[in-house]
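**Student:** Top line first, the protein sequences correspond to chains P and Y.
If you count the first sequence from 1, position 168 lands on 171 in the working numbering, and the numbers rise without skipping.
If you count the second sequence from 1, position 104 lands on 383 in the working numbering, and the numbers rise without skipping.
Possibly wrong hints are sitting among the right ones.
Below, computed lysine-lysine pairings styled on DSS-like, alpha-carbon distance capped at 25 Å [said to hold, decoys possible]: (1) Y:Lys-444 with Y:Lys-396; (2) Y:Lys-444 with Y:Lys-458; (3) Y:Lys-339 with Y:Lys-410; (4) P:Lys-39 with Y:Lys-339; (5) Y:Lys-384 with Y:Lys-427; (6) Y:Lys-396 with P:Lys-25; (7) Y:Lys-404 with P:Lys-39; (8) Y:Lys-458 with Y:Lys-339; (9) Y:Lys-384 with Y:Lys-396; (10) Y:Lys-427 with P:Lys-25; (11) Y:Lys-404 with P:Lys-25; (12) Y:Lys-384 with Y:Lys-400; (13) Y:Lys-427 with Y:Lys-458; (14) Y:Lys-396 with Y:Lys-410; (15) Y:Lys-427 with Y:Lys-404.
Residues of chain P clear of chain Y, computed beta-carbon distances all greater than 12 Å [to be verified]: (16) Ser-127; (17) Phe-225; (18) Arg-277.
From the derived model, a few chain P residues whose C-beta atoms are all more than 12 Å from chain Y [said to hold, decoys possible]: (19) Lys-25; (20) Trp-36; (21) Leu-73; (22) His-77; (23) Pro-85; (24) Ile-88; (25) Phe-98; (26) Leu-119; (27) Ile-161; (28) Leu-188.
Hints in this document: simulated from the structure, not taken from any laboratory.
In this text, a Cβ means the ideal position worked out from N, Cα and C, and glycines have one as well.
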Amino acid sequence: MNTSVSASSNLPASNSNAVETKPFLWSVRRELWENKSIYIAPLIVAGVILLGALVSSGHLPGRRRMALLLDPAHQRAAIEMPYNIAAGVIIITAFIVGLFYCLDALHGERRERSILFWKSLPVSDVTTVLSKISIPLLVIPPIAFAIIVIAQFIMLLISSAALLPSGLAATSWANFNLLQQSVILIYSLIAIVLWHAPIYGWALLISGIVRRATFLWAVMPFIAISIFEKITFNTTYFFSMVKNRLLGAGDTAFDFQLHKTISIDSLAQLTPGRFLATPGLWIGLVFAAGFIVAAIRLRRYRGPL
Amino acid sequence: MATIEARGLGKTYGVTVALDNVDLRVEEGRILGIIGPNGAGKTTMLNAILGLNAYLGELKVLGRDPWAERDQLMRDVSFIADVAVLPRWIRVSQLLDYVAGVHPKFDRARAEGFLAKTTIKHRSKARELSKGMVAQLHLAIVMAIDAKLLVLDEPTLGLDILYRKQFYDSLLNDYFDGKRTIIVTTHQVEEVQDVLTDLIFINHGRIVLECTMEKFESRYVELMVHPDHLAGARLLKPMNERQLFGRSIMLFDQVDRGQLAALGDVRTPTIADLFVAVMTNSAVTNQKAQVSEAK
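Same shape as in the complex, but just chain P (with noise of 0.2 Å):
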């Protein structure tokens, strides 16, 4: 009877005080207070972009002409560059963001011993090791997305401007349809981001590991493998399979041959059975899930400071 009182009087009682929490989603809401660089670096760089299309549109409609010349593939690869050339760089910008996010995210935390703070609150090592992980897999991909369609659209806006005296403004919207490639942008994000989880999960290891210099701890590794295997074997297979890593993402994902142009312009040129199939794509998410565990029990068994 007293056991059966007391436990209802506990166990409800501190369920219904307690105010629903939301430790995860702070977590993440936290991370993105403290590292605005997440969407400011993106941001800056997107407004340099449209500021360089600004800037050069007064030769737009001598351009276009030439581009109006060419066969249609080409034409229309000449036109899109320029929107394709403004991803790219926002995507390589969002990498370097997402890299240095990793590789910061465990250690500084110890470096300004906030980490005693931060493991006063009731939050798991599992959930806060998760949320640091999660800017660069879930975070930063739709923060991209949307200022890359952003900045695209602008773009539009300023070449239309710009042609609209030559009546030339509708062979931009013509050549460069922004809805499907913005289906063609979410695809190549989340390949992308599949394809580069090892990278981040082995950053956000090296940040929980080391004390000091933790760009070079992530980096040197891989160096030296690679200049010792080509002294000792005169081979590079290593160095392959680290550019494969980081630049490889597209080999699979994406049919270049279908145009015989680099750009990606149509769905048909979109491979993701292809992707999937990829052993190096599963080998790299298996090694990525190894190092977060890894970064969440070393969290966790390490002392504080």
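Fit chain Y to the known structure of chain P by using the hints.
**Tutor:** Okay, now just chain Y, sitting in the frame of chain P:
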């Protein structure tokens, strides 16, 4: 159920023994001071209690194993490491939002109430606040959490006298209700003497003295010996003797106050006096032990 129950608590870092087989029991509603020299094992002990370090032996805090259940335990335990652990980039408003978002027992209105009594602005970042204001901010947050155990590790380190006084005043007036348990480590022993209910001295990872403050006052007597009674006083085996202004001051353990009053002026010692006496004695004992081991 005791708030904290430790049996055979131990921790080593390589060959260094930080905690050596410590037994500890802290009941609900106590304010325990853990006093010890640097490197005595105070922080190691607190880290074990907070689930920040693994340990040997048995440890239960509020009935939970802190190492296995830190995040659950932290719903009922608050912790101030020292004044410098709030993230420097965070805004006061963000800090309140975050704690409210993750802590089920945080009463935001209460925290706002405490902050309203200070000059801290919601827009300020932690790095823009003075050390004393950061301590006020952290305390406002902690006092708004309905915790059962509060752990303070050097909470007033580096603060000026005004902030230090205010810190313990707020804690006693606005937080402590006789049911919560507080553990504090500090080197500023004089400021906690009237705050504590229980006292522990720790040295070389061991508890070298454990007593309630009530017992402390009845058990220990400090005597400023009249020069004529020096030999007589020494016969009563003082724990410690020191010189001040040419007069001998002796500290006695469990010697009748009336008997001592005949030999000079008696008073209750400060924690600092007792600490020095106990630490000097244990250092002497250690040296003797080492010498005999060497032989």
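**Student:** Hint by hint, note whether the structure agrees.
**Tutor:** Going through the hints against the structure:
1. Between Lys-444 (chain Y) and Lys-396 (chain Y) the alpha-carbon distance is near 16 Å, which keeps this suggested pair within the 25 Å criterion.
2. Among the hinted pairs, Lys-444 (chain Y) with Lys-458 (chain Y) is consistent with the structure: their alpha-carbon atoms are about 23 Å apart, no more than 25 Å.
3. Our distance criterion of 25 Å between C-alpha atoms is broken by Lys-339 (chain Y) and Lys-410 (chain Y), whose separation comes to about 34 Å.
4. Taking the CA atoms of Lys-39 (chain P) and Lys-339 (chain Y), the gap is about 41 Å. The hint is violated against a cut of 25 Å.
5. With a C-alpha separation of about 11 Å, the suggested pair Lys-384 (chain Y) and Lys-427 (chain Y) falls inside the 25 Å cut-off, and the hint holds.
6. Between Lys-396 (chain Y) and Lys-25 (chain P) the alpha-carbon distance is near 29 Å, which puts this suggested pair outside the 25 Å criterion.
7. Note on Lys-404 (chain Y) and Lys-39 (chain P): the hinted pairing holds, with a Cα-Cα distance of about 15 Å set against a maximum of 25 Å.
8. In summary, the hint linking Lys-458 (chain Y) to Lys-339 (chain Y) is supported, as the alpha carbons are separated by about 18 Å, within the 25 Å threshold.
9. Taking the CA atoms of Lys-384 (chain Y) and Lys-396 (chain Y), the gap is near 22 Å; set against the 25 Å cutoff, the hint holds.
10. About 22 Å separates the Cα atoms of Lys-427 (chain Y) and Lys-25 (chain P), which keeps this hinted pair within 25 Å; it holds.
11. A threshold of 25 Å between alpha carbons decides the hint, and for Lys-404 (chain Y) with Lys-25 (chain P) the separation of about 24 Å falls inside it, so the pair holds.
12. For the hint pairing Lys-384 (chain Y) with Lys-400 (chain Y), the CA-to-CA distance comes to about 23 Å; that is within 25 Å, so the pair holds.
13. Only pairs whose Cα atoms come within 25 Å are accepted, and Lys-427 (chain Y) paired with Lys-458 (chain Y) is accepted, the gap being roughly 7 Å.
14. Taking the CA atoms of Lys-396 (chain Y) and Lys-410 (chain Y), the gap is about 17 Å. The hint holds against a cut of 25 Å.
15. With a CA separation close to 29 Å, the supplied pair Lys-427 (chain Y) and Lys-404 (chain Y) exceeds the 25 Å bound.
16. Its closest Cβ contact with chain Y, about 4 Å, brings Ser-127 (chain P) to no more than 12 Å, contrary to its assignment away from the interface.
17. Interface exclusion of Phe-225 (chain P) from chain Y stands, the closest Cβ pair being 31 Å apart, more than 12 Å.
18. Every Cβ of chain Y is farther than 12 Å from the Cβ of Arg-277 (chain P); the closest lies at roughly 43 Å, confirming the non-interface assignment.
19. Not every CB of chain Y lies more than 12 Å from the CB of Lys-25 (chain P), the least distance being 6 Å, so the non-interface label is violated.
20. For Trp-36 (chain P), the requirement that its beta carbon stay farther than 12 Å from each beta carbon of chain Y is not met, with the minimum near 5 Å.
21. Residue-level check passed: Leu-73 (chain P) sits 52 Å from the nearest beta carbon of chain Y, beyond 12 Å.
22. For His-77 (chain P), the shortest C-beta to C-beta distance to chain Y comes to about 50 Å, beyond the 12 Å cut-off, and the non-interface label holds.
23. Listed as outside the interface, Pro-85 (chain P) is consistent with that label: its C-beta sits roughly 37 Å from the nearest C-beta of chain Y, beyond the 12 Å cut-off.
24. For Ile-88 (chain P), the shortest C-beta to C-beta distance to chain Y comes to about 34 Å, beyond the 12 Å cut-off, and the non-interface label holds.
25. With 12 Å as the threshold on Cβ separation, the claim that Phe-98 (chain P) sits away from chain Y holds: the shortest Cβ distance comes to roughly 24 Å.
26. Against the 12 Å criterion, Leu-119 (chain P) falls within the reach of chain Y, whose nearest CB is about 4 Å from its own CB.
27. Every Cβ of chain Y is farther than 12 Å from the Cβ of Ile-161 (chain P); the closest lies at roughly 36 Å, confirming the non-interface assignment.
28. The Cβ of Leu-188 (chain P) lies farther than 12 Å from every Cβ of chain Y, with a closest approach of about 32 Å, so its non-interface assignment holds.
In this structure, the hints that do not hold are numbers 3, 4, 6, 15, 16, 19, 20, 26, in rising order.
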